[in-house]
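Sequence order for the protein chains is A and B.
Start counting the first sequence at 1; every next residue gets the next number (the numbering used here).
Start counting the second sequence at 1; every next residue gets the next number (the numbering used here).
Simulated from the structure, these hints should not be mistaken for laboratory data.
Treat each hint with caution, since some may be false.
Have a look at the derived ranges for each label pair, beta carbon to beta carbon [as the list claims (entries may be wrong)]: (1) A162/A with S107/B: 35 to 45 Å; (2) G251/A with T38/B: 45 to 55 Å; (3) E23/B with F175/A: 46 to 56 Å.
Below, computed lysine to aspartate or glutamate pairings styled on DMTMM-like, alpha-carbon distance capped at 25 Å [said to hold, decoys possible]: (4) K31/B with D41/A; (5) K77/B with E76/A; (6) K120/B with D75/A; (7) K139/B with D265/A; (8) K395/A with D338/A; (9) K98/B with D338/A.
These numbers come from a predicted model, not from an experiment.
A virtual CB, placed ideally from N, CA and C, is assigned to each residue, including glycine.
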Amino acid sequence: MSSRFPLIAIAVAAALPTVASAVDFSYSGFSTAAYSQTDTDLADVGYSSQPDSIDKGGSFEIDSKLGLQVTAKFDEMFSATVQGVAYTDLTGDWEPHLDWAYVRVQATQSTSLRAGYLRAPTFMYSDSVFVGYANVWVRPPLEVYNLSPVYQLLGVDATYRAQFGNVIVSVNPYFGEGEVKLGTGELEVSEWLGLATTVNYGSFQARIGYSRPKIDASSLSIGPMTDALLAIPASMCGGCASVAEKLTIDGARIENFNIGVQYDDGANFIASEFGEARSDQGGYLLPDRRAAYATYGRRFGNLMPYATIAGLRRQEALSTNAIPAGGALGALNTTVNDLIRTAGANDQDSYSLGVRYELPSFSIVRGAVVKFQYDHIDADGRGNLNNVQPGFDGKVNMFSASFDFIF
Amino acid sequence: MRSLKTILSLCALTLAAASASAEVVVIVNPKNPAAALTAEQVAALYLGNTSTFPDGSAAALADQPESAGIRGTFYEKATGRSAAQAKATWARLTFTGKGTPPKELKSDADVKAFVASDPKAIGYVDSSAVDGSVKAVLKL
Numbered sequence: 001m002s003s004r005f006p007l008i009a010i011a012v013a014a015a016l017p018t019v020a021s022a023v024d025f026s027y028s029g030f031s032t033a034a035y036s037q038t039d040t041d042l043a044d045v046g047y048s049s050q051p052d053s054i055d056k057g058g059s060f061e062i063d064s065k066l067g068l069q070v071t072a073k074f075d076e077m078f079s080a081t082v083q084g085v086a087y088t089d090l091t092g093d094w095e096p097h098l099d100w101a102y103v104r105v106q107a108t109q110s111t112s113l114r115a116g117y118l119r120a121p122t123f124m125y126s127d128s129v130f131v132g133y134a135n136v137w138v139r140p141p142l143e144v145y146n147l148s149p150v151y152q153l154l155g156v157d158a159t160y161r162a163q164f165g166n167v168i169v170s171v172n173p174y175f176g177e178g179e180v181k182l183g184t185g186e187l188e189v190s191e192w193l194g195l196a197t198t199v200n201y202g203s204f205q206a207r208i209g210y211s212r213p214k215i216d217a218s219s220l221s222i223g224p225m226t227d228a229l230l231a232i233p234a235s236m237c238g239g240c241a242s243v244a245e246k247l248t249i250d251g252a253r254i255e256n257f258n259i260g261v262q263y264d265d266g267a268n269f270i271a272s273e274f275g276e277a278r279s280d281q282g283g284y285l286l287p288d289r290r291a292a293y294a295t296y297g298r299r300f301g302n303l304m305p306y307a308t309i310a311g312l313r314r315q316e317a318l319s320t321n322a323i324p325a326g327g328a329l330g331a332l333n334t335t336v337n338d339l340i341r342t343a344g345a346n347d348q349d350s351y352s353l354g355v356r357y358e359l360p361s362f363s364i365v366r367g368a369v370v371k372f373q374y375d376h377i378d379a380d381g382r383g384n385l386n387n388v389q390p391g392f393d394g395k396v397n398m399f400s401a402s403f404d405f406i407f
Numbered sequence: 001m002r003s004l005k006t007i008l009s010l011c012a013l014t015l016a017a018a019s020a021s022a023e024v025v026v027i028v029n030p031k032n033p034a035a036a037l038t039a040e041q042v043a044a045l046y047l048g049n050t051s052t053f054p055d056g057s058a059a060a061l062a063d064q065p066e067s068a069g070i071r072g073t074f075y076e077k078a079t080g081r082s083a084a085q086a087k088a089t090w091a092r093l094t095f096t097g098k099g100t101p102p103k104e105l106k107s108d109a110d111v112k113a114f115v116a117s118d119p120k121a122i123g124y125v126d127s128s129a130v131d132g133s134v135k136a137v138l139k140l
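Input sequences plus hints: build the corresponding full structure.
As structure tokens, then:
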């Protein structure tokens, strides 16, 4: 998929000189320098499947980012935007990515259309999750934001805004495909559609999001195990075929549903989201989950202390007795149950306290903030954590500091 | 005794003058059909919740420099947010392609000239700067 980008870039570059005289270019950027450290080496905190994330050894890389954006405005109707962001992806490397690259058409006063690389608005802050300066926390509550690991959409979206008195409604459907590279393979989304609807009224904002990605992950398949399960005659193991289906991500249709509210009157900030992820197969690897968080912050001049409580609940059983425990299939039963217990996310709660402090702007830095955040995570089994080792007691204390700015 | 009275009344006059000159006025082009705007309508524009005037026509927003006191006063009074909070909101909109921040101009005179020359324009200036080249639609 990424190999198609050079073609788009060449086409855009070739078209530019002819229109350059009339084009209005604007440049901007954002950056986060962050350090985080926990009190354990037995589990890592990070985005789902991210290898080598935050542990006792500390990490500068997991939350640090540098983003640059160029927008070319051709006229009142057409513009093109490219945004490159360097960050640590799910392969564990801090490297540049083409996060956004799209052409935008303002079709009418109330409707705009975009085509290209976009970030899907799966959750309330999904599309701006990297812009630390715009956000309250050091990182979004991972219980909710880890429900869906794929963010980038190659496709089209539309935004329609309507105003009814002081109520502003925004409807944002999107459609396309996506992919995410993991340390262990690739997760491809061959078909992805979604809709986000936002209502603004004064200090209030409410949002409902729905998205349905179809996952193709042949390179992630645990083929030998599912092949073995499917080869067993139904007379020996009636439930083996259904266990194999729950171990197969390839072809899974995931549904993400989410509802969020935000209240910001200048002094008080409240944000809360509930999210649910359901999948029609592969549930032992990507289990059905529900998660929610609530954040309250209070501004005192440039200083805003905030507190967050978040929780994740797994909706899928942690073991199966579909495979006979004794006899010839005993070993397979053990292997499959070990995998179910450790592969997908499990229940987790977290409690966070932090402060966000606005610094005066200086030179080319148009705005800057520093944040300090303490998280206490309480996980069942592996929780929502990465790289969990035997002996982990489910408790993680984490300290993070970040410096975010825009230019 | 008499001189004290004079000083006091002078003080009162000075204070009145200071508060009068601190009044922020939202201005639009004289061709704009809106006779008045509410603080909510102005806030929706300056916080990026809408990009159009209540009649559905496009709006081009002007801002004052960050160093100018009027910018903070405007955002506090019109939107209930500080100028820094508004800036964080615009950062979110800019980097998600949902909006373009208001054009930052240098002074009351520049904002007035910008608004006078563009039928879509909206800006805010000190009340003392308002003249016939623009239309005042909201006093804050």
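Task: Contradicted hints - numbers only - done: 4, 5, 9
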